[in-house]
Structure formats: C-alpha cells, structure tokens
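Peer 1: Listed below are the residues making up each chain.
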Amino acid sequence: MADGSAPSLLARLLTGVVLILGIGAVIVALSAWFNGRSASWEAYDRLLLGAANDIAESIRIADGAPTLNLPTSAFELLAQAPDDRVTYAVRGPDDGLITGLSDTPSPTRERLREAIFFDGSMQGEDARFVDVVRRFAERDFSGNVRVTVGQTMIARRALAIDLMLNALVPIAIAGAALILISVIVVRGAVRPLDRIAEDMAGRDPYDLTPVSVEDVPREIAVIVTAMNRFMGRLDRQFTAMQSLISDTAHQLRTPVAAIRAQAETAIEESDPGERDKRLERLARRTRSLGTLLDQMLSRALVVHRTDSVAREKIDLRQIALEIVETRDHEVLAPDVEVELVIGEDPVMVLGDEFSLVQAGKNLLTNALKHGAPPVRIGVSEDKGRAVLWIEDAGPGMSPGLLARTGERFQRSAASREDSGGLGLSIVTAVTDAFDGEIVVSQANGRFRIGFALPMVKGGAS
Amino acid sequence: MTRLIQALLAVAVSATAAFAQEDVATFGTGATPFVIRSTTDIAILEPALTAFAADHPDLAITYEQWGSNPLHANASSACDGETTPADAVFSSAVHLMVSLVNRACARPFVSDRTRALPDTRRWRDEVWGVTQEPAVMIYNTDRIAPEDVPQSRFDLLDLMRDDPVTFRARIATYDIEASGLGYLFAYIDSLEATTFGSLLEGLARSDAIATCCSTEIIEGVSTGEYLFAYNVLGSYVRNAAPANVGVILPEDYTLFLSRAYMIPAKARNPMAAEQFLDFLLSERGQAMLASVGLLYATDPDELRTVQSARRSIPLAPPLLVALDGSTERQFLERWTDAFSAAPVP
Chain L
0 MADGSAPSLL ARLLTGVVLI LGIGAVIVAL SAWFNGRSAS WEAYDRLLLG
50 AANDIAESIR IADGAPTLNL PTSAFELLAQ APDDRVTYAV RGPDDGLITG
100 LSDTPSPTRE RLREAIFFDG SMQGEDARFV DVVRRFAERD FSGNVRVTVG
150 QTMIARRALA IDLMLNALVP IAIAGAALIL ISVIVVRGAV RPLDRIAEDM
200 AGRDPYDLTP VSVEDVPREI AVIVTAMNRF MGRLDRQFTA MQSLISDTAH
250 QLRTPVAAIR AQAETAIEES DPGERDKRLE RLARRTRSLG TLLDQMLSRA
300 LVVHRTDSVA REKIDLRQIA LEIVETRDHE VLAPDVEVEL VIGEDPVMVL
350 GDEFSLVQAG KNLLTNALKH GAPPVRIGVS EDKGRAVLWI EDAGPGMSPG
400 LLARTGERFQ RSAASREDSG GLGLSIVTAV TDAFDGEIVV SQANGRFRIG
450 FALPMVKGGA S
Chain E
0 MTRLIQALLA VAVSATAAFA QEDVATFGTG ATPFVIRSTT DIAILEPALT
50 AFAADHPDLA ITYEQWGSNP LHANASSACD GETTPADAVF SSAVHLMVSL
100 VNRACARPFV SDRTRALPDT RRWRDEVWGV TQEPAVMIYN TDRIAPEDVP
150 QSRFDLLDLM RDDPVTFRAR IATYDIEASG LGYLFAYIDS LEATTFGSLL
200 EGLARSDAIA TCCSTEIIEG VSTGEYLFAY NVLGSYVRNA APANVGVILP
250 EDYTLFLSRA YMIPAKARNP MAAEQFLDFL LSERGQAMLA SVGLLYATDP
300 DELRTVQSAR RSIPLAPPLL VALDGSTERQ FLERWTDAFS AAPVP
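Taken in sequence, the protein lines are chains L and E.
When you line the first sequence up against numbering that gives the first Met the number 0, it's residues 0 to 460, in that order.
When you line the second sequence up against numbering that gives the first Met the number 0, it's residues 0 to 344, in that order.
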C-alpha cells in the first residue's frame, strides 16, 4: 500500500500461485507434448505401415522377377495427412530399384523386425519412413523385396500440437480460476485490516479504546489484541501522566505558597528568636514538600512499572529484608526499633521488586508516623497467599479511611503536615497490578496492615 | 512488329531451351520479366494475358507453349538447378505437376482466392486447379440419329455391341502411349469404375482408332472419318467449335480436369506469378477462362445430372500412382494387349 512497505499480501500470494502454476504448466506442457507426440507418431506410423504393407501385398512374381501394380489405396491412406509429401521405393534383393522414387532413403539400422521405422529427410524437410520386407520363395524367384514408404511430418506435428493443446486448455482454465479464487480469498482475508485501518484513521486523537475484534480472522485478531493491549497501556500511562501533572500542579501550589509566605515573614521578622522559629518551620515545610514529591514520583514510577516491566519471581522475605536494611525509618523515627519476622522457607510471588519495596516502605512509614512502637515487619502465608505485613501497637486506621485507601491525597485528621497522603494509594496501585489486595486486622491491641499476593511455586529466579 | 519480336525471342530462347517449346509470345513492354511455361495454346489464353499485361504495365510477359512431357522435364531440371526456372508453370498434365510439388519444387502461396478453391483443386497451397474441363464423348451429328446418341458409357457399350459393323474403325480415342492426357483419363477411368475393362474390350473389338491429338480427333469426327470419339477434352471441342460435332457429358460419371498452376520454388519473379494466379482466379479471370471454354459452364437444366456425375480429378498424392513406372508399364501392357488381342470377326 504505502510506498517503501513490503509487497502486499495479495501480491505475495499471487506471486506464489503464479509461480506454482508456472512450474506446473511447464511440467504439464512437457508431459502433454511428449504424450501427444507419441500418440500422434504412433497413429501416423500405423498409416505409413498400412501403406507399405498395401504395396508389399501387391508385389507378385512374373517371369522370374518381382513386379507390382501400385495400389491407390496405399496413397489414399497416406492422403490422411493431406498436406504431406510422400515418397516410396520398392527394391529387390540386390537393392535394385523395382519401382518408385530413387532418392527414397534406406534404413541404416540392422533389421530386427519385419518393419523398421526411421527418421530422415525428403528434399531437406524432416520426414518419417517405414521399411517393410516381403520374403519370396517361389520356384523362379527367391529373396527379399523391400518396400520403403516415407512422408513429411506436417500432419503428425499438427496432431501432436492439437493433442497437447487439448490437454492444456482445461488446465489453463483451471489455473486462471485458481488465480481468480486466490484474489477473491485474499481480498476477503485482508478486508478486516482495511476496516481496522479505517477505524484507526477515523479516530479522535485521544480515543484509545480497544478496536473490535469481531469478524476478524484469528491470525489478525492476535495482532489486534496485541494492539489493543498496547493501547490500553498507553491509555493508562497517559492517564497516569495526566493525573501526575494535575496532582503535582494542584498539590505543589499550596505548600509552595506557604513556604513563600513563611520565607517572607521570616525575612521581615526582626526578632532573632522569632525568626529562628519561623526558619525552623520553613525547613519543616520544605522537608514535607520533599516527601510529597518523593511519594508522587514513586507512585508514578510504580504505576508505570507495573505496566511496562516484566514480572518476575521474587521472594517476599527478600523484600521485607530490603525494607528494613535500607534503614529509611531511622531518619523518620530514630528511636523506634523495627523487628523483622520471617520464616525459614521462601515465599515466592510474581511481581516487580521495586514496586513491592515501595509499597512495603509506605506501609512502614505510615506505621512509624501514625502508629505506636513496637513496630514489626513480617512475611507469612495465609490461606495460600503470601502476605507482607507491618504491625504496630497503635489504634489503627478508622474504617472510613480504610475504605478510601485507593484514593489519592487522603489525609486524616491525624495526618501531619509532612505527609503527602499518597502512601496507601501506592500500595493499592501495587496490589491491583499484581492481583493482590490489602489486608487489615486488629487483635490484642495491635494493628496489622499488609498486602497479600498469590503465591507461586518454585525457587527464586 | 509483334511477329518480329516473337521470332527474335523464339530464336533467343531456342538457343538455350533446345527447341523444347512449341511457340512463344510476349505481352507487355515493362522492365520486369515474367516467364510462363504452359501447355495451353497461346491463342486460348491470349485475352487473359493481354488483360493481365494491361493491368501490370511494369511486366514483360513471355508466354512459352510447351508439350506436357518436355515441360515436366524442363521444370524438373529447373528444380534441380540445371536450367533457368520459369516464374509460373501451367499444365494440363496434373499428375506431373503433383509429382513436381511432391519433389518440393513448388513455392507456397495463400490468398483469399486460392483459399476459396475446393480441396480437390489445390494441394499444399503449392499447386492450384485453375480451370474445369470435362472429358467428353463427341459424335458426328450428321451420322448418328439423335435417338441413338449414347448418354453414358453403358449406352456406348450397347451401341458397339448392337451395331458392330457401323462402328468398326469409326470410334476414336487418345493413344495413351503418345498422349499424357489420354493416359491420365484412361488411368482415372480404370480407378473410377468397373466399366473400364468392358469398355477397353469393346473399343478393341470394334477396332477403335487410338490416335494422338485432340485436333485430329475433332476434325475426324467433323469430317465423318470417325462417328464417335471417347474421352476428348471438352475445352478443345469448344475451341474448335465445328458445327456438326455433338458433345456428351457421360451420365454415369464425367471426369473434370483442372489445369494445374504452380510457382516454381526457384522462380525469379514469384510476385508476378502470384498476381497472375489471383488474376486467373478472380471473377474477371474466370469469366475470361469460361469464354474460351476452359471453365465448363453448366446450364441450369443440366446442372443436376452433371453435378451428381461430376468427378474432379483431385490434385493429391494418389495421382503419383499414375506416374509409377511399374504401374504405367502394366497399364500400357493391358491397353495394348486388349487392342492387339481383339478378335477379328
């Protein structure tokens, strides 16, 4: 279709069909020619032989010498090939010409049978000859009399070609029909592609909804499905990017305005003690803004990765270990000890390491901020699912807040000003992406929150 | 003037052709020579030749009249490259012409007019039957009463048997040893019907005269020397046109001869030969041939009997049999045997 693209399916298929037909036609034509030729040669050889035998029959012995009254029937037989020139010769035992045309050739081969067919020429034109022998054993004559009859090849060639064409014409018609059918079939097969192309061309630039695979052949449906999947991913990333931008714009406006106001008041403040206090608050605000940015970026990253990075087998204990070992919590709450509770056996899940670590870290950060020590992080199995959980001795989350965990920027009354409100939203995004869910429980004055993912068999990859 | 040129040419040609041709005439004064060798009398073809020369002023036509056997010998040696070939050969000895074609001595030519000819009048598109002339029986209308006129070979046999005295030595036919045409007619007769044997016997019994030439036979019938003649070429009778000679187309079958026209393979001016052939086959040419008796015109009331009894001598390889040495010898033996063994009553 477009210039520079590979040849169309139609062209490829037609090339193939024509190639096959071409090779077939050559083979069939050759075989038809050989068959037609041998049939025609046999038919006209019989005529020749008939004529020669006619002449041989008419030979009789008179006065001790062979003589004959040439039968017209022999020539009537030869006249079955109406446009061919003829020649004949009757020769005695010493090869002396009894009658006929003296330039008629004799066979050069040794005589094995009564009749010998041989090719030669008559006045420079290809001709076919037969030589038959009649043996006489009379009182007054004994010996062989040879009759040679020849004829040019116009009629036998015409018959051979005729027979060949008779064989070829139906095959040629079948070939043409085959080409026609393949054109129709291929047209029909690629029509869905045209429809899809039309659908795509007619779309609004922001329309990333899936293309219908109805009435699309299975082979092409695979492409369409892959395309739809790609478009879905594009759509999600596009949406994520849009929300990131709008969230960022929305979320940054307030803290930045606050920072600016505090910076301005700090500049205007003449009392050094008051100014320190204001600078202190300014620094806190800035830290909080940093956290917010971190969270927003990490959420965007998590959403992006869940779509674009291939899932691999991961040991959930490894995730828990990594969360503890990075020791981010020591910055947040240096006096709180985090206890790691993991078993001996690996707990394997399918997922993306980075995303899972982010989700875990957010849960731990929440626990450190809102909960009460002691804080524990652990990995366990629960009803065939792998669970990574964080436990603290705090009061836990209110049921209302819990119900809205997936939404962004949920800030409870307890939220401090350095909280971005994005933590649980990241966890929700991760669990959604890896077919998991958030699990919450409260027992013995301890609040436990975590995420459960389907377990997979097998060792770490 | 014409006579002078004719004489000069006759001398010039005779020097090379060793007096083989009987007569010669020229038509047209163009620059391109066109040589026709023919067995047909110059006088018969003169109107056609004059008309053709007028249509083609660029041609200098030399028309040589030959005997049929010398003409065949000449064409045959020209085919082998031994003598100068003619541009066209036109002969009544059709079996000899077929043999020339069979020896690949002819040049093919196809036009709408040659294609329109029936199969019996062309072979290999190399030889064409231009005329249609019946082999007829003629009689002296003064000596034979109309009711006694035989209409077929059977009638002739009856007549010879019933009245042997009247017809003794008064029936003429060609001497087939001397006349190629006579031999051809007799040979075709022998193939055509079983009457040939009894006819031969009857002719022999009534002391029929075998003589050489058409003119002699026709004159003999006219003067009353012969009462009846068998197998005379109709066109000769038509041209001689004596008043007291009646013509019979035998009802059992009538042989029709088509004079054969051939363009030698080595012709130097084949185009003129092709044009002349097309001219002869054109309506105008055929009308001219008809007016000189070379195309037998059938009266409408005669049409039915003549059509059903009509036997064209086909231009085809079976004619070669007539030329076969052994066959010819035996046929002539049979002929002379019949005549010599005729019982003297």
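Just so you know, not all the hints are guaranteed correct.
Here are the computed distance ranges between Cβ atoms for each label pair [as the list claims (entries may be wrong)]:
1) F153/E - P70/L: 43 to 49 Å
2) Q122/L - G29/E: 46 to 52 Å
3) G66/E - P70/L: 29 to 35 Å
4) G66/E - D62/L: 31 to 37 Å
5) V148/E - Q122/L: 33 to 39 Å
6) I170/L - G29/E: 21 to 27 Å
7) G119/L - S75/E: 20 to 26 Å
8) S75/E - D62/L: 46 to 52 Å
9) E124/L - N243/E: 49 to 55 Å
10) D62/L - A115/E: 33 to 39 Å
11) A115/E - I170/L: 54 to 60 Å
12) D336/E - P70/L: 19 to 25 Å
Some chain E residues near chain L, calculated using beta-carbon distances under 10 Å [to be verified]:
13) V100
14) A103
15) F278
Among chain L residues calculated to face chain E with C-beta under 8 Å, some are [as the list claims (entries may be wrong)]:
16) V27
17) L29
18) S30
19) N34
20) T66
21) N68
22) L69
23) F74
24) E75
25) A78
26) T98
27) D118
28) E124
29) R127
30) M199
Because the hints were derived from the structure by calculation, they are not lab data.
We treat Cβ as the ideally placed atom computed from N, Cα and C, and that holds for glycine.
Peer 1: Going back to the hint list, which numbers does this structure go against?
Peer 2: Of the numbered hints given earlier, those the structure breaks are 1, 2, 5, 6, 8, 10, 11, 15, 16, 17, 18, 19, 27, 29 and 30, listed in rising order.
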